[in-house]
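Protein chains in written order, with my numbering: chain V, 574 to 823; chain U, 574 to 823; chain W, 574 to 823; chain E, 574 to 823.
Calculated directly from the structure, the hints in this document are not laboratory data.
Some clues are possibly wrong.
Where chains are identical, the list cannot tell them apart; a pair therefore holds if satisfied intra-copy or between any two copies.
[Stated by the list, open to error] Straight-line Cα separation of at most 20 Å, SDA-like style, residue types lysine to any residue; simulated pairs:
#: 1; residue 1: 782; residue 2: 650
#: 2; residue 1: 782; residue 2: 691
#: 3; residue 1: 660; residue 2: 774
#: 4; residue 1: 782; residue 2: 722
#: 5; residue 1: 698; residue 2: 807
#: 6; residue 1: 660; residue 2: 722
#: 7; residue 1: 757; residue 2: 735
#: 8; residue 1: 678; residue 2: 612
Protein chains: 4
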Amino acid sequence: MIRVTVWNEFIHEKSNPNVREIYPEGMHTCIAEGLREDAGLEVRTATLDEPEHGLTETVLEATDVLTWWGHTAHERVRDEIVLRVRKRVHEGMGLLVLHSGHYSKIFKSLMGTTCSLCWREAGEKERLWVCNPAHPIAKGIDRYFEIEHTEMYGEPFGIPPPDEQIFVSWFAGGEVFRSGQTWKRGNGKIFYFRPGHETYPIYHDKTVKLILKNGVKWAAASGSKWIDSAPNIPVEQAPEPIEPWGGSVH
Amino acid sequence: MIRVTVWNEFIHEKSNPNVREIYPEGMHTCIAEGLREDAGLEVRTATLDEPEHGLTETVLEATDVLTWWGHTAHERVRDEIVLRVRKRVHEGMGLLVLHSGHYSKIFKSLMGTTCSLCWREAGEKERLWVCNPAHPIAKGIDRYFEIEHTEMYGEPFGIPPPDEQIFVSWFAGGEVFRSGQTWKRGNGKIFYFRPGHETYPIYHDKTVKLILKNGVKWAAASGSKWIDSAPNIPVEQAPEPIEPWGGSVH
Amino acid sequence: MIRVTVWNEFIHEKSNPNVREIYPEGMHTCIAEGLREDAGLEVRTATLDEPEHGLTETVLEATDVLTWWGHTAHERVRDEIVLRVRKRVHEGMGLLVLHSGHYSKIFKSLMGTTCSLCWREAGEKERLWVCNPAHPIAKGIDRYFEIEHTEMYGEPFGIPPPDEQIFVSWFAGGEVFRSGQTWKRGNGKIFYFRPGHETYPIYHDKTVKLILKNGVKWAAASGSKWIDSAPNIPVEQAPEPIEPWGGSVH
Amino acid sequence: MIRVTVWNEFIHEKSNPNVREIYPEGMHTCIAEGLREDAGLEVRTATLDEPEHGLTETVLEATDVLTWWGHTAHERVRDEIVLRVRKRVHEGMGLLVLHSGHYSKIFKSLMGTTCSLCWREAGEKERLWVCNPAHPIAKGIDRYFEIEHTEMYGEPFGIPPPDEQIFVSWFAGGEVFRSGQTWKRGNGKIFYFRPGHETYPIYHDKTVKLILKNGVKWAAASGSKWIDSAPNIPVEQAPEPIEPWGGSVH
Numbered sequence: 574m575i576r577v578t579v580w581n582e583f584i585h586e587k588s589n590p591n592v593r594e595i596y597p598e599g600m601h602t603c604i605a606e607g608l609r610e611d612a613g614l615e616v617r618t619a620t621l622d623e624p625e626h627g628l629t630e631t632v633l634e635a636t637d638v639l640t641w642w643g644h645t646a647h648e649r650v651r652d653e654i655v656l657r658v659r660k661r662v663h664e665g666m667g668l669l670v671l672h673s674g675h676y677s678k679i680f681k682s683l684m685g686t687t688c689s690l691c692w693r694e695a696g697e698k699e700r701l702w703v704c705n706p707a708h709p710i711a712k713g714i715d716r717y718f719e720i721e722h723t724e725m726y727g728e729p730f731g732i733p734p735p736d737e738q739i740f741v742s743w744f745a746g747g748e749v750f751r752s753g754q755t756w757k758r759g760n761g762k763i764f765y766f767r768p769g770h771e772t773y774p775i776y777h778d779k780t781v782k783l784i785l786k787n788g789v790k791w792a793a794a795s796g797s798k799w800i801d802s803a804p805n806i807p808v809e810q811a812p813e814p815i816e817p818w819g820g821s822v823h
Numbered sequence: 574m575i576r577v578t579v580w581n582e583f584i585h586e587k588s589n590p591n592v593r594e595i596y597p598e599g600m601h602t603c604i605a606e607g608l609r610e611d612a613g614l615e616v617r618t619a620t621l622d623e624p625e626h627g628l629t630e631t632v633l634e635a636t637d638v639l640t641w642w643g644h645t646a647h648e649r650v651r652d653e654i655v656l657r658v659r660k661r662v663h664e665g666m667g668l669l670v671l672h673s674g675h676y677s678k679i680f681k682s683l684m685g686t687t688c689s690l691c692w693r694e695a696g697e698k699e700r701l702w703v704c705n706p707a708h709p710i711a712k713g714i715d716r717y718f719e720i721e722h723t724e725m726y727g728e729p730f731g732i733p734p735p736d737e738q739i740f741v742s743w744f745a746g747g748e749v750f751r752s753g754q755t756w757k758r759g760n761g762k763i764f765y766f767r768p769g770h771e772t773y774p775i776y777h778d779k780t781v782k783l784i785l786k787n788g789v790k791w792a793a794a795s796g797s798k799w800i801d802s803a804p805n806i807p808v809e810q811a812p813e814p815i816e817p818w819g820g821s822v823h
Numbered sequence: 574m575i576r577v578t579v580w581n582e583f584i585h586e587k588s589n590p591n592v593r594e595i596y597p598e599g600m601h602t603c604i605a606e607g608l609r610e611d612a613g614l615e616v617r618t619a620t621l622d623e624p625e626h627g628l629t630e631t632v633l634e635a636t637d638v639l640t641w642w643g644h645t646a647h648e649r650v651r652d653e654i655v656l657r658v659r660k661r662v663h664e665g666m667g668l669l670v671l672h673s674g675h676y677s678k679i680f681k682s683l684m685g686t687t688c689s690l691c692w693r694e695a696g697e698k699e700r701l702w703v704c705n706p707a708h709p710i711a712k713g714i715d716r717y718f719e720i721e722h723t724e725m726y727g728e729p730f731g732i733p734p735p736d737e738q739i740f741v742s743w744f745a746g747g748e749v750f751r752s753g754q755t756w757k758r759g760n761g762k763i764f765y766f767r768p769g770h771e772t773y774p775i776y777h778d779k780t781v782k783l784i785l786k787n788g789v790k791w792a793a794a795s796g797s798k799w800i801d802s803a804p805n806i807p808v809e810q811a812p813e814p815i816e817p818w819g820g821s822v823h
Numbered sequence: 574m575i576r577v578t579v580w581n582e583f584i585h586e587k588s589n590p591n592v593r594e595i596y597p598e599g600m601h602t603c604i605a606e607g608l609r610e611d612a613g614l615e616v617r618t619a620t621l622d623e624p625e626h627g628l629t630e631t632v633l634e635a636t637d638v639l640t641w642w643g644h645t646a647h648e649r650v651r652d653e654i655v656l657r658v659r660k661r662v663h664e665g666m667g668l669l670v671l672h673s674g675h676y677s678k679i680f681k682s683l684m685g686t687t688c689s690l691c692w693r694e695a696g697e698k699e700r701l702w703v704c705n706p707a708h709p710i711a712k713g714i715d716r717y718f719e720i721e722h723t724e725m726y727g728e729p730f731g732i733p734p735p736d737e738q739i740f741v742s743w744f745a746g747g748e749v750f751r752s753g754q755t756w757k758r759g760n761g762k763i764f765y766f767r768p769g770h771e772t773y774p775i776y777h778d779k780t781v782k783l784i785l786k787n788g789v790k791w792a793a794a795s796g797s798k799w800i801d802s803a804p805n806i807p808v809e810q811a812p813e814p815i816e817p818w819g820g821s822v823h
């Protein structure tokens with residue numbers, strides 16, 4: 574059983590009638606329902622306005638994979654919660670960063686780059702091409718799939734070179750974008766997936782749901798846990814005998 | 574002419590007699606002198622206690638490569654200066670991170686990992702092996718070189734996979750360490766180089782000086798500059814004609 | 574159930590009394606027995622002198638992970654069998670390349686580099702350090718493990734940058750070596766593991782056995798299969814309507 | 574002065590009137606002329622039908638960067654010449670692989686993958702987006718540039734993860750493609766650049782010429798040379814004193 578926590582800032586669904594109509598109970602509820610189609614996933618949700626943004630030590634300790642959706646309130650996510658999530662990623666928790674989450678504190682802090690891109694909100698068509706047809710995340714997808722109406726994200730996408738390039742998008746307006754790629758940081762597996770603008774019913778889409786299920790299973794930790802530490806190894810514990818020499822600042 | 578700024582926290586040289594004896598004018602002065610042996614390098618220094626840590630906008634704008642040495646005062650480096658340095662790296666400024674700089678704010682924020690390691694201060698012997706014999710940074714180095722007395726750093730080193738592995742160290746006490754590797758973040762080239770503990774005269778070493786000169790030349794920006802931005806591309810500027818559709822949150 | 578084929582050139586065990594004493598039934602038999610300790614692995618063996626080197630289409634089609642040991646007879650492996658193995662790796666078959674397999678045709682053809690290294694056969698001590706403590710391949714290993722007597726392999730190791738660095742070796746004679754690392758080629762996962770010189774009982778070692786079991790499970794295919802093809806997409810099948818224009822060479 | 578050799582199979586220009594009209598003296602002549610616009614480049618050409626395909630030891634020894642165009646005659650390139658080119662790449666010679674060169678023996682042997690893709694020859698429009706705006710290869714290019722009529726190449730492109738992603742293409746017919754990326758193999762820098770189908774005047778295009786000049790300068794060797802060897806290090810030359818132990822197969 575893989576334990577998933579679906580995180581959402583949950584703001585536009587309350588303030589924008591458009592978005593509320595598409596996601597009356599919030600995008601997190603829709604994403605969680607999609608994941609629950611897989612009996613091997615145990616799914617809970619968490620949102621910005623809950624205490625500690627719903628991401629307490631206890632919740633994170635019991636989370637194998639975290640999915641992250643944020644857009645308008647990245648700056649309201651508290652730094653100590655970001656550090657807590659980041660620590661769990663280094664230990665081995667999987668992380669799915671969705672759409673506008675490219676500008677979240679957690680994603681930027683794991684990438685070490687600007688994570689910037691260009692964009693246009695015009696409801697145009699997107700076609701996502703599979704670059705890595707036998708990757709577990711692309712399982713069940715044909716050569717490509719389409720999203721009829723979406724926000725455009727365009728290159729340059731300010732990310733470090735990914736470990737794996739899984740999807741690249743074509744937009745009717747003429748742009749392209751690296752839309753699905755993976756990295757590891759410490760023992761944590763990270764998958765960025767572009768689709769998901771809140772003014773379109775994208776998380777209701779069958780193929781998008783399939784990819785999120787695939788992604789969560791791919792990102793799930795192996796069971797081992799990387800405990801960060803920077804231990805001093807005293808002379809008498811050196812694997813080979815040595816004689817200490819010289820001064821010290823410690 | 575490559576413009577280099579050598580940064581040093583400059584603390585142990587004032588507080589520890591041992592260190593002062595080896596670096597009476599500070600490690601930055603010694604490192605800068607080594608670099609000045611190359612007539613193509615124009616070298617200045619900057620230290621923690623100067624206003625803005627000596628890293629004003631003007632200084633950074635006029636810096637092609639920054640070298641970073643810190644150890645005991647990483648937390649005293651102000652966050653806005655770290656962000657300023659980081660922005661310059663993304664634009665294309667080279668960065669050499671030296672020894673205990675592995676735990677500096679700037680290095681950790683560019684790597685997105687813990688950057689932790691294990692260590693022992695016993696003055697033991699280190700032998701650095703060249704893994705990439707024709708890399709510009711290893712130019713002029715034989716199969717290996719030795720540092721007679723040094724602090725030990727041991728694996729696991731909590732870094733993301735490097736683009737290039739240039740040196741790996743053997744220690745008399747039995748450990749190994751990835752001692753010289755490179756990454757790119759945005760348009761900036763980054764070189765981490767392990768040797769440099771302050772209680773030993775390591776920056777006086779001829780081979781270490783050579784590697785720092787090689788590293789600075791390798792990391793120097795190409796002249797182009799990546800300007801970070803996340804522009805909206807309005808419908809009428811789309812490369813292909815499209816009709817806007819649907820709602821908006823903007 | 575993961576289906577494993579253990580390949581061995583099986584020559585020195587017959588021609589060299591030393592080696593025969595350690596591996597009376599061949600190294601492949603010893604390696605296969607170690608893997609069979611895991612009830613989830615279904616293990617067969619194959620050797621150079623069998624028809625098609627024991628690697629028929631049928632055998633490879635029924636192989637999820639192949640392990641490869643060769644040393645003195647790399648050139649006797651037929652090119653069409655190498656291409657067959659390589660095709661299966663691209664489709665998704667895992668590959669463990671062991672010790673002197675670094676110079677096998679299959680490994681060199683997947684890496685695209687020289688794969689050269691330096692070496693010494695003096696029975697010295699090797700200490701393998703874990704660089705990636707929570708990686709599935711390092712599961713159950715402490716900070717390091719030792720092999721009392723082994724052949725030395727030293728840097729530079731002529732490989733492309735690995736996706737993951739798992740082990741680095743320290744040798745009593747003073748060298749270091751990247752001893753365990755992974756790559757993907759097509760959909761196939763590749764793990765190179767250094768220990769295994771035939772004049773020492775290395776595949777009888779409990780930790781080495783554990784790592785081979787971990788490695789095989791890590792490398793096992795996901796179930797999807799990348800079918801290589803370079804299809805022409807005729808104009809009438811283009812996702813967007815286009816008008817053909819201009820000349821042709823087809 | 575960077576010494577460039579422009580290689581071309583030079584077949585369709587002689588057999589196909591269409592192609593001859595565009596490149597009456599061969600594509601190599603046109604590519605070479607474009608490169609000669611840069612006074613820092615010393616350019617010669619070589620073609621399939623010359624002795625040793627024009628790539629003698631002497632020529633390659635005096636070549637800093639080789640550009641490769643082939644399409645219909647990949648199989649006619651002799652294996653020993655491919656090995657000779659490959660050896661030079663490992664030593665440090667730069668390599669630009671152009672368009673249908675994706676299926677050349679030299680490119681496939683350096684990548685270790687299938688290098689397959691899908692394609693359509695319909696003279697449609699291609700728009701190449703810059704993913705890495707401050708990379709030396711993209712110097713002088715705006716956010717994108719267009720080729721009015723071209724052959725389409727589509728994903729999946731069967732390559733290993735590149736070190737740097739520089740261009741991604743959008744096609745009028747609805748596909749996308751990774752059109753400009755780099756790798757290192759040994760000490761050699763490799764740049765694959767997609768445009769260049771022989772039935773369109775692509776190498777006459779000003780932007781394409783600029784990118785080829787940028788690419789050649791980026792790929793030029795640093796001056797060092799990686800000499801491949803796998804030396805035995807005898808016991809008495811070990812950096813640390815050791816006592817030999819055990820049997821031998823050498």
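Going through the hints against the structure:
In this homomeric assembly, residue 782 and residue 650 never come within 20 Å of each other (Cα to Cα): the closest approach is 26 Å inside a single copy and 44 Å across copies. When the C-alpha separation of residue 782 and residue 691 is checked against a cutoff of 20 Å, the pair qualifies neither within a copy, at 25 Å, nor between copies, at 27 Å. Taking the shortest alpha-carbon separations for residue 660 and residue 774, neither the intra-copy value of 33 Å nor the inter-copy value of 36 Å comes in at or below 20 Å. Proximity of residue 782 to residue 722 under the C-alpha cut-off of 20 Å is restricted to the intra-copy arrangement: shortest distance 16 Å within a copy versus 37 Å between copies.
Within a single copy, residue 698 and residue 807 get their C-alpha atoms only as close as 62 Å, which misses the 20 Å cut-off; across copies the closest is 15 Å, which meets it. For the identical chains of this complex, residue 660 and residue 722 are neighbours neither inside a copy (36 Å) nor across copies (35 Å), given an alpha-carbon limit of 20 Å. Proximity of residue 757 to residue 735 under the C-alpha cut-off of 20 Å is found in both arrangements, the shortest distances being 9 Å within a copy and 12 Å between copies. In the homo-oligomer, the alpha carbons of residue 678 and residue 612 never lie at most 20 Å apart, since the shortest distance is 31 Å inside one protomer and 42 Å across protomers.
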